[in-house]
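*Asks:* Next come the chains, spelled out residue by residue.
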Amino acid sequence: MGMNDLEDFRESVGKSDPVAVVGGRTHWTVGGNPTDDTRLVSAPVGIDFFDPSEMTVSVKAGTTLKDLNEELSRYRQEVCLEGSSETTVGGALMIGTDGIRRNLIGSIRETLLQAEYVDAKGKLIKAGGPTVKNVTGYDLCRLLVGSLGTLGLVGRVILRTRPQSEKSVWLRGGLSPEEARHICFRPSSLLWNGEETFIQLEGYGVNVDSEILNLKNLGYEELGVKCPISIPSFRHKFVNGMSLDNGIIDVYSSILYKSVEASEPQHSEEVLRLGNRVRKMFDPLGRLNPGRDPYRAGP
Amino acid sequence: MNRSRGNDQLFQELCRDIGTNRVHRDGASQLLYSRDGSAFPGGIPGVVCFPETTQHVVDCIKAANRHDRSFVPRGAGTGLAGGAVPCDAPLVISTTKMNSILEVNYEKRFAWVGPGVVNLDLTKSLTGTGFHFAPDPSSQQSCTIGGNVANNSGGPHCLAYGVTNAHILAIEVVLPDGTLVQLGDVDGHASGYDLRGVFVGGEGTLGIATRIAVKLTPDPPEIRTLLLDFMDVADAAKTVSAIIASGIVPAAIEMMDKRIVNVVEEFVKVGYPTDAAAVLIIEVDGLPEGVKIEVERIQSISLEHGARSVRVASSDEEREQIWKGRKSAFGAVAQIQPGYYLHDTVIPRTKLVEVLEAVYEIANRYELIVMNVFHAGDGNLHPLLVFDPQEPGVMERVLVAGEEIVQVSLDAGGVLSGEHGIGLEKKRFMEKLFSEEDLAAQKLLKDAFDPDGRANPFKVLPSGASCSEVNHLNQLPDGAWV
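Sequence order for the protein chains is R and G.
Adding 65 to a residue's 1-based position in the first sequence gives its number in my numbering.
Adding 332 to a residue's 1-based position in the second sequence gives its number in my numbering.
Honestly, the hints are just simulated from the structure, not real lab data.
Glycine included, C-beta positions come from ideal geometry on N, C-alpha and C.
Accuracy of the hints is not assured; some may be wrong.
Unchecked claim - Covered by chain R, per the in silico footprint, the following chain G stretches (three or more residues, Cβ under 8 Å): (1) 523–529; (2) 647–661.
Stated by the list, open to error - Keeping only pairs whose Cα atoms sit at most 25 Å apart, straight-line, the calculated SDA-like set for lysine to any residue is: (3) G:K570 x G:Q631; (4) G:K440 x R:L283; (5) G:K440 x R:D310; (6) G:K764 x R:E72; (7) G:K764 x R:E243; (8) G:K775 x R:L337; (9) R:K345 x G:S767; (10) R:K302 x G:L512; (11) G:K624 x R:K345; (12) R:K232 x G:P620; (13) G:K775 x R:I170; (14) G:K456 x R:H247; (15) R:K345 x G:K570; (16) R:K80 x G:S767; (17) G:K456 x G:R441; (18) G:K624 x R:E267; (19) R:K302 x G:E439; (20) G:K440 x R:H332; (21) R:K302 x G:G663; (22) R:K345 x G:Q631; (23) G:K624 x R:L278; (24) R:K302 x G:K394; (25) G:K440 x R:S333; (26) G:K775 x R:N341; (27) R:K302 x G:T459; (28) G:K440 x R:E243; (29) R:K186 x R:R342; (30) R:K232 x G:P550; (31) G:K570 x R:F115; (32) G:K775 x R:R338; (33) G:K440 x R:R90; (34) R:K345 x G:P783; (35) R:K302 x G:D517; (36) G:K394 x R:G340.
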């Protein structure tokens with residue numbers, strides 16, 4: 066697309082009919098399917114600006130994570146967005162879930178610095194700002210992440226990047242999750258299947274090597290760079306006493322990954338009322354992603 | 333209508349609902365709570381309330397609603413943007429007596445605290461447990477966690493650890509209609525809109541926090557603090573960019589220019605080099621081997637970029653001395669002049685050199701003394717314009733110079749505020765950064781939380797009337813930031 070990507074996108078979204086953005090369709094059913102009368106549009110694609118020394122990247126929402134990560138990797142940087150290679154930047158942001166490395170790399174909600182989106186009236190709106198620190202007005206970027214496109218359709222964003230770790234390794238062993246948390250300093254991931262803990266260490270090679278040594282002395286086995294276990298698709302909120310039922314717990318976030326879909330999450334009436342008021346304010350006619358509800362999406 | 337004294341019925345109802353000793357409307361209280369840490373002359377609160385429980389806060393807000401009055405949440409009142417200045421004779425609801433640490437859960441790494449807990453008190457209570465609360469604003473000796481939430485406060489160590497929003501897991505909030513709601517959860521994720529995330533930084537315009545779940549961050553096993561000095565400010569600024577570009581994100585990178593270094597050294601004598609054009613305080617932390625690598629790389633990068641010397645603190649005492657100078661900076665300024673105006677813009681960190689040059693040029697042109705002490709690692713400038721408020725015409729020069737500094741920051745791709753917020757101070761600049769439609773979108777959020785506009789009115793977003801107009805006050809700030 067050319068110089069007028071955002072303007073073209075704004076026009077394609079229009080002003081009146083039900084509309085949703087389709088990205089890589091990798092998380093299409095999260096929070097419900099769009100209603101049948103919903104018109105599907107695509108977000109613009111491409112990386113506008115990446116300054117490695119600023120550690121920010123300006124990218125259009127339709128760009129795939131694969132393409133973005135390839136560019137960032139050239140400078141040994143990454144963004145904290147989760148998804149498969151076909152997931153788009155906009156899609157990952159609108160789903161808004163953190164991955165298993167959150168303990169080290171932070172939350173996706175901290176990643177979005179600025180967003181340009183088309184609102185329900187078809188106007189192009191800018192939220193947030195391009196700098197890594199900013200308290201200028203209400204932080205609508207926070208609201209957009211995880212909103213499933215129900216408040217605005219994102220066309221272009223500025224994201225915070227971070228340095229890639231020098232070394233990354235997974236280990237498997239018999240410590241309890243609590244013991245593992247105390248032994249390791251800021252591991253990137255800590256998973257538990259009810260019998261063993263799986264620990265991902267990242268950082269400078271010397272740091273990782275010294276922690277590997279500690280863990281090997283406690284009977285841990287070094288497994289390599291790739292996550293050694295298959296993580297089921299569905300996220301459940303884990304509470305003490307819940308059966309793991311062949312699932313995997315992300316210890317830091319208390320998310321239980323299982324192969325069966327979670328029942329609809331429970332929210333207080335007050336939260337739902339406030340959330341619905343927000344949605345109604347931003348989209349009084351309900352034309353943005355009708356049929357989808359962020360409060361029906363899992364944790 | 334003169335609302336400044338409140339009406340008797342409102343006062344009596346508040347006394348009945350939360351207790352006579354928690355409701356004040358005497359002249360001294362009204363004067364004391366008429367302003368905050370900013371230069372704004374302020375208004376007059378209708379009634380000042382000191383709730384001690386969540387129910388008290390609910391009662392205060394319901395009373396305000398029954399009597400068609402607005403309310404202003406207030407912590408320690410250290411804010412520098414006028415966020416706690418009462419406009420239109422509101423109830424001032426001070427949460428300073430809700431100052432208990434309610435629950436600490438080391439296993440899950442969170443603590444529930446009252447909004448009135450002082451930031452440094454929380455830090456001290458955690459000392460020795462292996463955990464800390466990361467945000468450390470310069471006012472941490474007196475500012476409250478509730479105030480930190482309202483302003484999404486920062487501090488030197490937010491470069492690597494993130495500002496307050498990254499350290500708040502859940503908040504119990506009384507909404508402006510009196511509804512009690514918990515936003516977020518202690519696991520750090522709740523599906524649905526991130527209402528917790530937008531409440532943080534809402535400057536008290538979206539409701540009042542009555543309990544806050546803060547994240548406990550593990551203490552790093554190793555900390556190293558470096559003091560670097562430069563004979564050219566530009567070299568110091570280039571060093572900051574080069575360190576970040578190399579892939580190192582230190583816990584803190586603070587910069588102080590020659591003028592502030594000299595004032596601080598005269599004040600606390602911590603061993604800063606007074607002949608240097610600028611110094612950088614850099615702190616790295618983590619596992620010992622990695623810290624050693626980062627210290628070596630920072631030494632190498634800074635020497636390549638013109639550092640005259642690099643001193644690595646060899647003891648905790650030396651480290652504390654280095655930080656003592658930085659944290660004494662604003663108090664030390666009083667030695668030069670009785671007043672200062674502290675700005676707070678953020679620029680892309682790669683633009684530090686050119687924006688700092690412009691700041692010096694602007695100050696010179698308006699015959700003002702400027703000192704720079706700021707969070708260089710994230711581009712958060714704090715130019716201090718130092719002056720004597722008694723000097724005829726000086727305030728006008730300070731304001732015009734300040735406006736130019738804001739404009740230079742915006743022209744460089746920056747934003748209006750990094751940690752002080754918009755409050756009353758920067759409302760008039762919001763239209764320089766956002767279009768009318770952008771601001772209307774922000775207003776939608778405010779309206780969803782506060783459809784009747786009762787929570788801390790006249791703040792953050794440009795509005796038809798200003799606080800000064802409703803209070804019949806002078807438009808201009810009247811003196812020093814103290």
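*Asks:* Can you give the numbers of the hints that this structure goes against, from lowest to highest?
*Replies:* Per hint list: 2, 7, 11, 13, 15, 21, 22, 24, 27, 33 violated.
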